[in-house]
Every structure is written in structure tokens, then in C-alpha cells.
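Enquirer: From just these sequences and the hints, can you work out the full model?
Listed in order, the protein sequences are those of chains A and B.
For the first sequence, position 303 (counting from the first letter as 1) is numbered 303 according to the working numbering, and the numbering increases by one without interruption.
For the second sequence, position 255 (counting from the first letter as 1) is numbered 255 according to the working numbering, and the numbering increases by one without interruption.
Please note: incorrect hints may appear among the correct ones.
Which chain B residues face chain A? A few, computed with CB under 10 Å, are given here [claimed, not checked]:
1. 59
2. 84
3. 106
4. 122
The hints are simulated quantities; they were obtained by calculation from the structure and are not laboratory data.
From a predicted model like this one, the values you see are computed outputs, not experimental measurements.
Every residue, glycine too, gets a C-beta built ideally from N, C-alpha and C.
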Amino acid sequence: MTQPSLWRVLEPKWRTALQRIREERSRGGSGKLLLLVAVGALFWLTVYWVLYLVLRHLRADPDLGSLLAGKVLGVVLLSFIAILVLSNVITALSSFFLAKDLDLLVSAPVDWLRIYLAKLGETLLHSSWMVALMAVPILTAYGVIYRGGPLFAPFAVLTLFPMLVLPAVAGSALTLVLVNVFPARRTRDLLSIVALGAGGVVVLLFRLIRPERLVSPEGFRNLLDFIAVLRTPTSPFLPSEWATRATMGFLQGAIDPLPLVLLWTTAAGAVTLGALLHSRLYATGFTKAQEGAERFVRGGLWQLTVGTLLGFLPVAKREFVIKDIKLFFRDTTQWSQLILLAVLVVVYLFNIKMLPLHRGEQVGFFYVTLVSFLNLGLAGFVLAAIAARFIFPAVSLEGRHMWLLRSSPLELKTLLWSKYWVGTVPLLVLALLLTGLTNVLLQVRPFMMVVGMLTIGGLTFAIAALALGFGALYPQFETENAAQIPTSFGGLVYMMATIALLGAVLRALWTAVYAYVRAVYEGQPVVVDAWMISWFAVAAALCAAATALPLWVGLRRMERFEF
Amino acid sequence: MIRLENLTKHYGSFVAVDDVSLEVSRGLLYGFLGPNGAGKTTTLRMIAGILRPTDGRVLLGGDDVHRNPIAAKQRLGFIPDRPFVYDKLTGAEFLRFVAALYGQEGDAVDRRVAELLEVFELASWKDELVEAYSHGMRQKLIISSALIHRPEYIVVDEPMVGLDPKAARLLKDIFRQFASRGGTVLMSTHTLEVAEAMCDRVAIIQHGKIVAEGTVDDLRRQHRAGDASLEELFLKLTGGVQVRELAEVLGHGGGGDGAP
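Expert: See below:
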């Protein structure tokens with residue numbers, strides 16, 4: 001029997017993707033596409049510009065410049081590989097074991113090699129596209145600074161592709177082994193915790209060793225030590241090192257074929273070994289993947305605590321809140337992200353603590369107040385990102401259950417209310433914690449403490465409302481994975497709207513804060529006059545409008561949902 | 001009484017339901033039949049208040065589902081064709097949650113939950129997450145959820161799909177008892193034997209329009225079908241030609257067991 005081509009095996013996937021693009025185009029017209037292209041181009045240009053400046057600076061040093069540039073590239077590619085292995089393990093679990101098309105493929109007379117190659121390609125594409133896109137401005141900056149010429153682009157593709165294949169094979173193989181040991185749904189839970197825990201530890205360690213000290217010359221005993229460290233390869237057995245050597249060799253006009261040969265032969269060997277492993281273990285792994293994660297649970301704790309605490313609410317509201325909390329804490333892929341969040345808070349506060357501000361009384365006061373003020377924007381941005389991950393998908397995740405909610409007498413207002421408060425309360429605690437602790441570490445005066453806490457409080461209500469409102473305006477009912485929802489077009493629009501709000505609120509507050517700083521700096525009494533109050537009122541009005549309007553628009557949109 | 005007045009639903013230029021008017025009196029078990037894509041599910045979802053009609057209205061006991069939704073939906077139990085339930089809730093938690101949506105709580109709800117789980121043989125699964133339930137068990141759970149608040153009207157889309165014979169028989173008995181006590185059941189089904197055996201009246205919908213309505217005997221008389229079964233009547237009204245063509249294709253294709 002003639003076997004179908006890989007293209008045919010993957011047909012449902014690419015046809016679905018094409019259809020989704022067509023639907024997106026018909027829904028949003030060309031405006032959406034233009035916006036996406038503009039934001040993407042802006043991001044690329046920023047990365048390119050920053051790296052261009054760094055590399056230009058490095059190139060000016062004939063002795064150390066290229067060594068340092070190679071080291072930077074090596075670190076970037078190594079971090080790509082680390083990210084790719086983790087993301088491939090998680091993606092492979094879905095594409096090889098949990099995807100909806102597997103029942104059809106496995107029951108069809110398609111041979112195992114074709115299924116392996118098709119699913120490996122799918123895993124590779126899903127987990128690597130973002131890294132590949134990120135590599136474009138980075139490699140372009142190298143190409144431009146080192147005058148790589150037009151041949152550098154195909155050479156970079158030739159170098160990067162096998163480097164992307166290797167983590168895909170490794171991730172898929174690791175998943176295959178894990179699924180044979182644990183049921184797939186348990187493996188997913190396990191992987192979420194391990195991946196996020198490992199990610200968190202790496203971020204934490206990276207920050208706590210204070211890498212910024214490495215760029216100060218006093219960190220090394222002499223120049224020779226420094227050069228010796230630079231010349232030592234990070235690890236001669238890592239594909240990222242081969243890719244770095246191949247790229248830098250090409251750019252410096254000393255092409256060495258060995259790293260490229262190593263990359264391609266290792267990739268080919270890895271795919272072969274991966275295929276062999278697949279032929280041995282896939283059938284049993286796939287069978288195991290069909291087992292559910294059977295668990296008896298009792299929800300008494302939530303009922304007792306949250307239920308009692310919210311006893312004053314009508315039963316529908318109360319049970320809706322409890323239901324949302326239970327769903328969050330029973331889904332490992334959701335709650336495990338709190339690990340990263342905790343790491344983020346620690347790193348955030350650590351950075352503030354490390355700022356060299358308290359060197360002189362007057363300068364200290366000015367910078368302390370400035371940092372405390374700018375910190376409101378940064379904390380607002382962090383909160384916006386967290387709301388994008390946890391609050392923005394809230395309406396989309398109810399999509400499959402709308403038959404129940406819409407056919408019951410539950411008012412949509414109640415649904416939105418519950419979603420809003422379940423998201424806002426923890427966000428508010430985090431916001432106050434971040435701002436309060438930061439201000440304590442900065443030793444700000446009571447005026448800035450009060451301004452900071454009130455502003456971040458107002459911003460949190462608005463950010464949560466924007467996340468929920470835009471989540472309702474741009475729902476993704478067909479997506480099962482909550483993590484993919486914020487990366488949609490609606491998520492992008494939400495982030496832009498939130499950044500605009502942060503800018504507007506900080507602008508409104510700046511006049512009042514500036515008047516305060518000036519008064520203290522000049523040793524005059526701080527007068528809270530009508531002028532100052534009017535700017536505080538503008539900031540409060542902006543927050544109030546950004547809270548009420550998105551919720552109202554979101555509610556209107558939800559009333560028009562059809563399922 | 002469930003009353004549909006000139007109910008119409010357009011999806012762009014496609015007319016899914018075209019000016020349907022229907023009355024289902026109290027105490028009736030009413031069958032809503034039609035081929036795939038005829039507009040059954042769209043009609044039932046409009047009755048349940050999930051879809052908004054393009055035109056016309058739905059009245060449940062005098063309350064307009066879209067103008068006075070809270071009052072209308074209080075009386076309704078809806079059972080969809082696809083059993084999507086919150087995977088991370090247990091069966092008992094899901095039923096209590098649904099009861100809460102109807103404003104009900106307390107010991108009475110706990111007793112009702114236990115009773116329904118017992119009836120549908122899910123009692124031993126009550127503390128297990130729904131993600132571990134089979135398709136049939138989820139269907140039973142959804143049926144339980146539609147009964148938890150003691151509705152006056154049940155609207156059900158393909159009730160027998162995924163149920164084992166024992167549960168199917170149980171459901172038939174429940175619906176019969178429900179109707180005999182004054183409740184109203186409107187159900188769409190492809191299982192014509194079920195419709196013929198259970199339903200007091202049926203409506204057949206095709207291309208979004210009602211093409212026949214009445215008791216099975218009425219339909220036989222109207223279409224001069226003699227002693228024809230509901231299945232023969234259905235095929236005559238909705239697609240007998242295609243069925244004959246299909247039989248011919250299967251016969252010539254050499255597939256399956258070699259139909260002549």
C-alpha cells in the first residue's frame with residue numbers, strides 16, 4: 001500500500017491553520033494584520049538596534065571585540081536551546097499523545113515512521129517558531145556589523161535549522177520515556193511543575209549571582225584571566241557552541257566546516273535514534289496516554305473557607321467564585337505558574353534592593369522619589385502581564401460551558417462580577433505587596449507611599465477590568481490551552497490599551513509629584529493645593545473610566561455571544 | 001406550554017431556521033425530528049436561550065426567553081447533545097453548582113444530588129473529577145443537572161447518544177413520568193423507534209421549516225402512508241430518494257458486507 005505523504009498526514013493541521021487565518025482576516029480586515037506587523041516590526045527593530053549598538057561598541061576593540069561578540073552569541077543560543085528543550089517536551093506531549101487527530105492517525109494504516117516525522121515536524125514548528133523569529137534581528141545585527149554579505153542569510157538558516165531540530169528530538173524522546181512511566185495527563189502535570197520550577201530556579205540563580213558584576217574589570221585579577229575565560233568554549237559538546245563557531249567563523253572570513261558538519265550529522269543521528277525509540281515505545285506510551293488522571297477529591301476546604309467568607313453573597317455568585325477557585329487550583333498547568341510569579345516578585349524586589357541610591361541625602365531623595373514613581377509604571381506593566389495570563393482568558397475558558405450558563409437563569413452580570421473579583425483580589429494583594437515593599441526598601445517618604453499605594457490600587461482595578469473586557473471582546477472559545485489565549489490578537493490589543501492607560505495615569509500624576517519633589521528639594525513646605533488635587537482627580541477618573549468602560553463593553557459583547 | 005412564534009435564525013445568508021411556529025402543551029412528550037443539518041439543534045438552542053433568534057420569539061409558560069430570561073429559564077432544564085462539563089469539578093460538585101445557578105442550596109439540594117446520582121448509578125463516582133468520566137457518564141451527569149432544580153420544561157437534544165441500554169430505558173421512564181405529572185418534554189432525536197414509542201406528538205423539520213406535525217397516526221393519515229412506520233414516513237418526507245441512492249452506491253462500491 002502506498003503511504004500518504006507527510007504533507008497529507010499533517011493536512012488537518014495546516015488546513016485548520018489556513019482557515020483560522022482566513023477567519024481572522026474576514027473578522028478584523030487588514031487593520032488587524034497591519035497592527036500585528038507594526039508591533040512585530042517595532043519589536044524586531046528594538047532588538048536589532050540594541051544589539052547593533054552593543055556589537056558596534058564591541059567591534060571597536062580589535063583584541064577582545066570578536067571574542068566578546070562570540071560569547072554573547074553563544075549565551076543567546078545556549079539560552080535558546082534551554083528554552084527549546086523545555087518547550088519541546090511540553091509541546092511533544094500534546095502533539096504525540098493528546099492531540100485530537102491522533103485517534104484518526106493511529107487507527108489509519110499509516111506507518112509509524114510517518115507518524116513520527118509528521119508529529120516531530122509539528123512539535124518543531126509549534127515550539128520553535130518564536131525562537132526562530134527572535135533569532136532574525138539578532139543574526140541580522142551580527143551580519144550587518146561584521147559585514148556578512150548576502151550569503152550570510154542562507155548560511156544562518158543552514159546553521160540554525162539543525163540547532164532547532166536537536167531540542168525537538170530530545171524533547172520528544174524525553175516525553176516518550178516519561179509517558180511510558182506515568183500516564184500522559186499526570187506527565188503533563190508533572191512537567192508543568194518541573195519546567196516552571198526549573199525555569200524559576202534558573203531565573204533566580206541568574207539574578208542572585210549578579211551577572212552585572214562580570215562586566216566590571218575589577219571583578220577579575222588581571223586582563224589575561226579575563227581573556228582566558230573568554231577563549232574557553234562554554235562547552236565543546238553543545239550544539240549552541242557549534243552554531244556559534246560556525247556563525248562567527250563565517251562572519252570573520254575563516255569558514256570552518258567542522259561545526260556545521262557536527263550540527264547536521266548530530267541532527268540526522270538524533271532523528272534516527274528518536275525514530276527507533278518511537279518505534280519501540282510509542283504504542284505502549286500512546287495506550288498509557290489514554291488513561292485518565294483518576295483522582296478522588298473533596299472540595300470541603302474551599303466550601304468551608306471561601307464559602308463561609310462569602311456567605312453574605314447570593315448563592316449563584318458565591319458558588320461561581322468557589323467554582324473558579326477550585327478549577328484554578330486543581331489545574332496544575334494553571335497554579336504551577338504561581339511558582340514563576342513568586343520568583344518574579346523576589347527578583348523584582350532584589351533588583352530594587354541592589355539599586356545604588358542612598359549615596360547622598362539630597363540626590364538620594366530625588367532619585368528615590370523618581371524610582372518610586374517610575375516603579376508604578378513598571379509594577380503596572382508586570383500586573384498587566386499577569387492579568388493577561390490569568391484574567392484575560394477567563395471568559396474564553398467558559399466557552400464550552402456556555403450551554404449551561406446561558407440556559408440557566410444566571411445573569412451575565414453575575415458571571416462577569418465573579419470573574420472580575422476572582423481575578424482582582426489576588427492581583428490587588430500582589431500589587432500592594434510589590435509597591436509597598438518596594439517603597440519600604442527605597443525608604444520613600446509617607447507622601448510617596450500614600451500616592452504609590454492609592455495609584456497602584458486604582459490601576460489594579462482598571463487593569464483587571466481591561467483584561468476581562470478585552471478577553472470578552474476577543475474570545476478564543478476553540479482554544480483549550482489557557483496559555484495560548486493571551487498571545488492572540490486580542491491579548492496584544494489589551495496590552496497596548498493597558499500601556500496607554502499606564503502612560504496617561506503617570507503623566508497625570510507627574511505634575512503633582514513634581515510639585516512635591518520640588519517643594520521638598522527646595523526645603524519648602526509641601527502644599528496639597530487645588531492644582532495638585534485636580535491632577536490626582538484626573539488620574540482617579542482615568543482609572544475609574546478604565547474600570548467601568550471595559551466591563552460594560554465586555555458585558556454587551558457577552559450578551560451577543562452565540563454558541 | 002412551550003410556544004415558538006415565527007422563529008427564524010440566519011447565519012449570514014444561510015437560513016438555519018425559517019419561520020417556525022410550534023406549540024407544545026403541558027404534559028406532552030414531543031419529538032422534534034429531522035435529518036442532519038435540518039435546524040433541530042439551532043431551534044432547541046434558541047428555546048434554551050443560548051442563541052438569539054433573528055426573528056420571532058420563544059415563550060416558556062408565557063415568559064419570553066429573550067425578553068424575560070430569568071423567569072423563563074427558572075422553569076427550564078436543557079440537555080445538550082455534547083456533554084461539556086467542567087473537568088476539574090467532581091460529579092457532586094457540578095450538580096451543586098448547577099443548583100446554585102438556579103438559586104438553590106442547602107440540605108434539600110444535597111439530598112436531591114444524592115438521589116439523582118443514585119438513580120443514574122453515579123453515586124460511587126460522586127467525589128471523582130469529571131475528567132475521569134466516560135462519555136456516557138457525562139451524559140448521565142448532564143441529564144441529572146437538568147433535573148436538579150425540578151424544571152417544568154425539559155428541552156433535550158439527542159438524549160440517547162452515549163447511554164447504555166439500562167440508562168436509556170431509565171431516561172425513557174423518567175421522561176414519561178415527568179410528562180404524566182404535567183411536565184413538558186421537547187426532544188430531538190434520530191432514533192425513530194424511540195420517538196414512535198415515546199412521543200405523544202412529533203414535528204419533522206427539514207431545511208429549517210416544519211414539514212409535518214401531529215401524532216404519528218395524524219402523519220400517516222395526512223400523507224396516506226397506511227401502516228407505515230415512523231421511519232418510513234420520515235424517509236418519505238425527508239430523503240427517501242437519497243437513501244435509495246446511498247443503498248445503490250454501497251451496493252456497487254463493494255464495501256462492507258456486500259449489500260446487493
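Enquirer: For every hint, state whether the structure bears it out.
Expert: Hint by hint, here is what the structure shows:
1. The beta carbon of residue 59 of chain B comes no nearer than 16 Å to any beta carbon in chain A, farther than 10 Å, and the hint placing it at the interface is violated.
2. Given hint, residue 84 of chain B at the interface with chain A, holds; its Cβ is 4 Å from that chain's nearest Cβ, closer than 10 Å.
3. This hint holds: residue 106 of chain B has a C-beta 9 Å from the nearest C-beta of chain A, less than the 10 Å allowed.
4. Restraint check, residue 122 of chain B versus chain A: the minimum CB separation of about 14 Å is more than 10 Å; hint violated.
Of the hints listed earlier, those the structure fails to meet are numbers 1 and 4, in rising order.
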